[in-house]
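Student: Sequence:
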Amino acid sequence: MEFHMKIQAIFTGGTIGSSKGRDGRISPEQKMRYRLLEWYRQFGEQVEFQAEEPYYILSENIKADNLNVLLECVRSHLLQGDADGILVMHGTDTLQYTAAVLGYVFGWADIPVVLVSSDFPLEDERANGYTNFRYAVEFIKGGYGKGVFVSYSNPGEFPKIHRGTRLLAHQEYSAEIESVRRTYYGSFRQKEYFPNPDYRVGENISSLFGREDRVRLSADAREILRIVPYVGMVYPELTGEIKAVLHESFHSGTIAAGRGLERFASEADRLGIPIYLTGLCAGEAEYETVGRCRELGIQILPESAAISQYCKLWLLISNQLTLSEYMNRSVAEDLVYDAVDSDAAICGIRRKN
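Residue numbers (numbering that gives the first Met the number 0): 0 to 352.
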């Protein structure tokens, strides 16, 4: 058989590469990769897969060392030009992190790099892994985009393709995947692909790095303090090793603007540590607490996913790049521009008259 397309299939474990054992526990099982590839061959399509396993773990256990290995693996194939597309099989728990890291590093890629995962092991009839895999291949075959993407089908929905740098965190008890402000890249109905008309890109830097750059993440992200607001919270002490604070917000883009925040922001200013706030929906009236944040010198980021901005900071600091040069700019299409549907259900806030 003559193959018309070559796809590099990188298996890293996760639920899509796991099975349930006799003890009822789910754990990585390397034979599952063959099950996925053999399943796809039933369609009789002339696709040649080259498989490899740089590591094989549950994605909740991923560390910087794993990501560095994956970065080098993907980079080598992109530079060699030995594939028409790359698939990365990955767990759902940390899918957003790996997708963002790959997205920021390989925004320059001239082929699609698509992450594929599954909400249940493939042997479970509820699993969406087969669907996610099939439409990732369809996306590559169609040449519908370049750079890093995620193929994912939520229950009862058509399979969607998401830009790797726009993924929101999972809701509790759910494996569903969504993009910021529903700005997914495109979707499939059977084999027909439809670009999302609400996916827009403004002035954008394709990648944080160039083709020849050897990018690495530091062993941990101790130089980043990530804060999630909650009622009754007490701000931690800032240490000399912290280089940036990423502060998430409540659904309306707000945080409590009391004495605790004032003291924290004052100390950050004294130490020269920037505070970045995520979650504010553009085009809507701001609450007074947001204005207070501005007065305190807190930098409010454009609409984007908090996990992506965390990964952006991690990459910038690890590779000694200037934060102020990139944090308020669109990189790898991570920022949302002119979202058509600014309904309160998306922004999570009420319009003010």
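Quick caveat, the hints were computed from the structure, so don't treat them as lab data. Computed from a predicted structure; not experimentally measured. Incorrect hints may appear among the rest.
[Stated by the list, open to error] Here are the simulated DSS-like pairs of lysine-lysine, each with C-alpha atoms no more than 25 Å apart in a straight line:
hint : residue 1 : residue 2
1    : Lys5      : Lys140
2    : Lys242    : Lys62
3    : Lys145    : Lys5
4    : Lys242    : Lys5
5    : Lys5      : Lys30
6    : Lys145    : Lys190
7    : Lys19     : Lys5
8    : Lys62     : Lys30
9    : Lys62     : Lys19
10   : Lys190    : Lys140
Student: Indicate, hint by hint, whether the structure satisfies it.
Tutor: Tested hints:
1. Lys5 / Lys140: holds, 10 Å
2. Lys242 / Lys62: Holds, because 20 Å separates the two Cα atoms, which is no more than 25 Å.
3. Lys145 / Lys5: holds, 16 Å
4. Lys242 / Lys5: violated, 43 Å
5. Lys5 / Lys30: holds, 21 Å
6. Lys145 / Lys190: holds, 19 Å
7. Lys19 / Lys5: violated, 31 Å
8. Lys62 / Lys30: holds, 23 Å
9. Lys62 / Lys19: Since the Cα atoms of lysine 62 and lysine 19 sit roughly 24 Å apart, the hinted pair holds (cutoff 25 Å).
10. Lys190 / Lys140: With Cα atoms ~11 Å apart, lysine 190 and lysine 140 stay inside 25 Å; holds.
Going down the numbered hints, you'll see the structure goes against 4 and 7, while the others check out.
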